[in-house]
Structures are given as C-alpha cells and as structure tokens.
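Protein chains in written order, with the numbering used here: chain A, 4 to 154; chain B, 266 to 605.
These are calculated hints, taken from the structure and not from any lab test.
Keep in mind that a hint or two might mislead.
[Unchecked claim] Computed footprint of chain B on chain A; a stretch qualifies when at least three of its residues, placed anywhere within it, have a C-beta under 8 Å from a C-beta of chain B: (1) 66-77; (2) 85-97.
[As the list claims (entries may be wrong)] Some chain A residues judged to face chain B by a derived CB distance under 10 Å, without partners named: (3) Gly9; (4) Gly27; (5) Asp63.
In this text, all values refer to a predicted model and were calculated from it rather than measured experimentally.
Yeah, the Cβ is synthetic: ideal placement off N, Cα and C, and Gly gets one too.
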Amino acid sequence: MRVTQGTFSYLPDLTDDEIAAQIGYAQARGWAVAVEFTDDPHPRNVLWEMWGLPMFGLADPAGAMLEVRACRAQYPDHYVRVTAYDASLGRQTTALSFIVGRPAREPGFRLDRQESAGRQVRYTLHPYAADRPRGERYAEGFSAQNGARGG
Amino acid sequence: MGTPAQPAARGFAMARPGAAAPEPAAPEPAGPAPLAPDATVDLGSQEQALRIAALLDRLDGEFVGLAPVKDRVREIAALLLVDRLRRGFGLASSRPSLHMCFTGSPGTGKTTLATHMGALLKELGYLRTGQLVSVTRDDLVGQYVGHTAPKTREVLKRAMGGVLLIDEAYYLYRPENERDYGQEAIEILLQVMEAQREDLVVILAGYADRMDVFFRSNPGMASRIAHHIDFPDFTLEELLRIAAAMLDAGQYRMDEGAREAFAEYVRLRMAQPRFANARSIRNAIDRLRLRQARRLVAAGGVIAAGDLMEISAADVRASRVFRGGLGPDGSRPRAEGTGA
Chain A
4 MRVTQGTFSY
14 LPDLTDDEIA
24 AQIGYAQARG
34 WAVAVEFTDD
44 PHPRNVLWEM
54 WGLPMFGLAD
64 PAGAMLEVRA
74 CRAQYPDHYV
84 RVTAYDASLG
94 RQTTALSFIV
104 GRPAREPGFR
114 LDRQESAGRQ
124 VRYTLHPYAA
134 DRPRGERYAE
144 GFSAQNGARG
154 G
Chain B
266 MGTPAQPAAR
276 GFAMARPGAA
286 APEPAAPEPA
296 GPAPLAPDAT
306 VDLGSQEQAL
316 RIAALLDRLD
326 GEFVGLAPVK
336 DRVREIAALL
346 LVDRLRRGFG
356 LASSRPSLHM
366 CFTGSPGTGK
376 TTLATHMGAL
386 LKELGYLRTG
396 QLVSVTRDDL
406 VGQYVGHTAP
416 KTREVLKRAM
426 GGVLLIDEAY
436 YLYRPENERD
446 YGQEAIEILL
456 QVMEAQREDL
466 VVILAGYADR
476 MDVFFRSNPG
486 MASRIAHHID
496 FPDFTLEELL
506 RIAAAMLDAG
516 QYRMDEGARE
526 AFAEYVRLRM
536 AQPRFANARS
546 IRNAIDRLRL
556 RQARRLVAAG
566 GVIAAGDLME
576 ISAADVRASR
586 VFRGGLGPDG
596 SRPRAEGTGA
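Turn these sequences into a full structure, and let the hints guide you.
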C-alpha cells in the first residue's frame, strides 16, 4: 500500500528534477527547507527525525538536493520528506511538506477491532511494518526498485 | 511528471466508470526541433548574442585594463553561445567546466572581478542564481576532528547555483602541519567541484607565487581548474584612469594642477615598496580626502559645494611620497609628518 502524505499526496512520486523545482519555489519564497525521515508509517506520526538542520539562507535547490540524496542513501528503507518552513510573522509554520523517498515495499496497514463494554467496537490502524523494531522495519524490502527510481 | 509506466503511478487516479484510461502523456520536447544540418543561423540576430555583447561592453567600461582577463571572459561567453547554437542543431554540447583561479599582485582586481563573475555568468545563462559566497580558510576548516566536513559542506550548499570565491586559497593547505584539517576541506571541495560542476563555480584567488606552491602540493586541484587567469599589474595610465573613476564615484574633482601632482604622486608611489596597485590608489584618495577636509576646516569661513568637491594640488603635494616615502624596509623617514 502506497502511503501518501503532504502537499503532493495525490500525485505520483516526484522525480528529482521536480523535487528540485519545488525546493526552488520554497527558497524563492524565503522558506527554509529541511529534510526529515522516519520508518513509522502511521498517519498520526507527525514528528519525524530531522536530517541535519533546517537549511536557512540557501539560494539554490542544488544544496538541499544534496541533503535529500544523502538522507536517502543513508536511510534507503525509510520514508523521507522535505518540509519548508515559513518564518514570516503571522505564519511561522510549515508551508509545504511532501514525501521524496519511500521504502521499496510498503506492506500497509491492518484494521484492529477491540471489543469493549456494551458491545462497543473500537477500531485502530496498525502498520504491519511496526511489528518489527525501528531501523529494521523495511530492511529486507530494499531492492533494486529503490535504486531504479534514481534515489 | 512520472511516466505511466512507473509502478508508483498506478495508485494515482481512481477508476471512474465511463472514463477512458488516461492517455499516456507525450514526453515533453526538450526544446524546439533540431535544425536541419544545412540550415544557417545569423549570429548577429541572436538575442543572446546581443545581450552578451552588451554585457561585455559594460565589463569593458567598468574595469580598466585587465586585457587578458577580459579576453578570457569573452572566450567563455562565446563558448556558451556556440554551445547553445550547437544544441539548436542537435549537435553534442557539454557544459564547460568554469572553475577559475585568479592570480596576481595585490590590488589588481581579483576579488572585485570575482564578485562580478557571478552576475556575469548568470546573465550568460550558465549559473542559476549567481550569488557570490566569499570565504577564507576560517569558513571552511574546522577546529577539531569531524568539524571540517560539515562546515565545508555548509558553505558549498550556500554557494550552489552561484560562485564560491575562496580568497587566499593557499592558506587551506598548511604543509608544516600534517594533521591540519585543511586537507580535508580541499578533498571535499575537489569532490564537489567534480561531481556538481553544473551547480557552482569555484574561484580561487591569491598571489601568484603562493598559489604555485599550493597547486604543486595539490595537483588534483590544479587539474580541475580549467581557467588560470593572471591579473597583470596596472600601468601608470591605467592607474590614473582608475583614480579618475574613483573620484567621480565619490563626487570629488581635481583641477589641472592637482591632476599633474597626482600623476607624479602615482609615478613615485609605484617605485616605492609595498605598492598595491588599485588598492594603493584607493588609500591615496582616502588620504587626499582627509587632507582636504583638514584644509577646509582649518580655513573656516564660507564654504560652497564646489569647495567641498575640490581637491587641490597642495592636498596632493602634502603627501609623504614626495619626500621619499617609506624606506625600502618600510621604515618611516621622519617621526612627525602629515599622516600621509
């Protein structure tokens, strides 16, 4: 199951050129670009690990692409996203966030039902990947496909 | 957009009854169709050729002298234009490597030209942003193990899309200390200069003799720099034109006597030690302004705008240079003086 999230969630995976163009847009607006990664695919997992510091003061997307590629190479079996932070007064929040790297195989989620008092049923999403410890969740899934995407 | 052949694209559109499967998008053409091999292009009518000509004219106007430097810039501009035309004909064209090394005596305009290079290469369509990031050893080399690489990368990232100017680059390499982290910075620089040629232009600037030593001990660096440009010393006449431009820019003027005195001043100063070409001229003009201000304040009375602009021959002649200047070892001939 292909996990989607963020600004371009409805589009196919962006190519590197498209990612660079989006980063260029963010930098042209004065937003600071940062790279983040995680291997916990749950939709409520909003706080991902940071790859280095947010990149303030960059003029050209090539510098940020360097970090995107470095992060993908270091964590090939993780989700990687780019966020752009708008520091202007009154906004001061993430202005743009999109996935730029994903594990080759995404096993998806199962629905857990929990019966509670009074025949009530609670539902919860459980990512199959989360059954394994952090760092090994997608490890065996890394294959040629990820490399072929130009990651 | 990804082509529909990519597996990722399968999850893109929801199937709608009645809607035909989306047509595979035709690949975007990379540009206009290649011209026929027997077609011709009029160079004079090319919009880019005109822009480049205007740009080079401006360069000629802004920089006095520096003929070899201007020649090289002209060559680079022509190459970029020809490459573009070759692409028009569907011929192979590769981005030339434009890393440069500027060598020359102090004050010959190395740093000044480097600051203009970014804007120039952007207008020529070689660089995307054309900003200048000017660094020295301190900005690249860290103070402890593991500090250098992130520091150098940070600088390189900031310079992407523009020009990275490393002033006095030979300080990066300290042969007397084999544990110096400068070597690490050089290695990262080399790697990025090679791998990301299209993203940034690295300019090394420094004095010729020390640069030679630096390149001898870092042959990889010398071979990755395509353009070694030597800045010649300015002639007397060029220095006077530079001085006139500086005075103009500062809204000062000299009468005939002052101009003659200043020409004599420059001639004497050139023969004296520690002469730094245009930098010495700038310093001399700064001191002229000091003396002019002192003269005006000491005279008192009514002052017009013209007086504030006028530099007199006496202001020039008060300089220590006319009385022998500094000794060959830089010593001062007299304890008291006019601060010249």
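Does the interface hint hold: is Gly27(A) within less than 10 Å of chain B, judged Cβ to Cβ?
Given a least distance of 8 Å, the restraint on Gly27(A) holds.
Next on the checklist: At least three residues with a C-beta closer than 8 Å to a C-beta of chain B: is that true for the segment 66-77 of chain A?
Outcome noted: holds (count 4)
message: Just to be careful: measuring from the Cβ of Gly9(A) to every Cβ in chain B, is the smallest value less than 10 Å?
response: Violated, because the Cβ-Cβ distance from Gly9(A) to chain B comes to roughly 15 Å (cut-off 10 Å).
Worksheet entry | Per-stretch coverage check for the segment 85-97 of chain A, three Cβ contacts closer than 8 Å to chain B | violated (count 0)
### Hint status (Cβ of Asp63(A) to nearest Cβ of chain B, threshold 10 Å)
Since the shortest Cβ distance to chain B is 2 Å, the answer is holds.
Checked against the numbered hints given earlier, this structure breaks hints 2 and 3; the rest are met.
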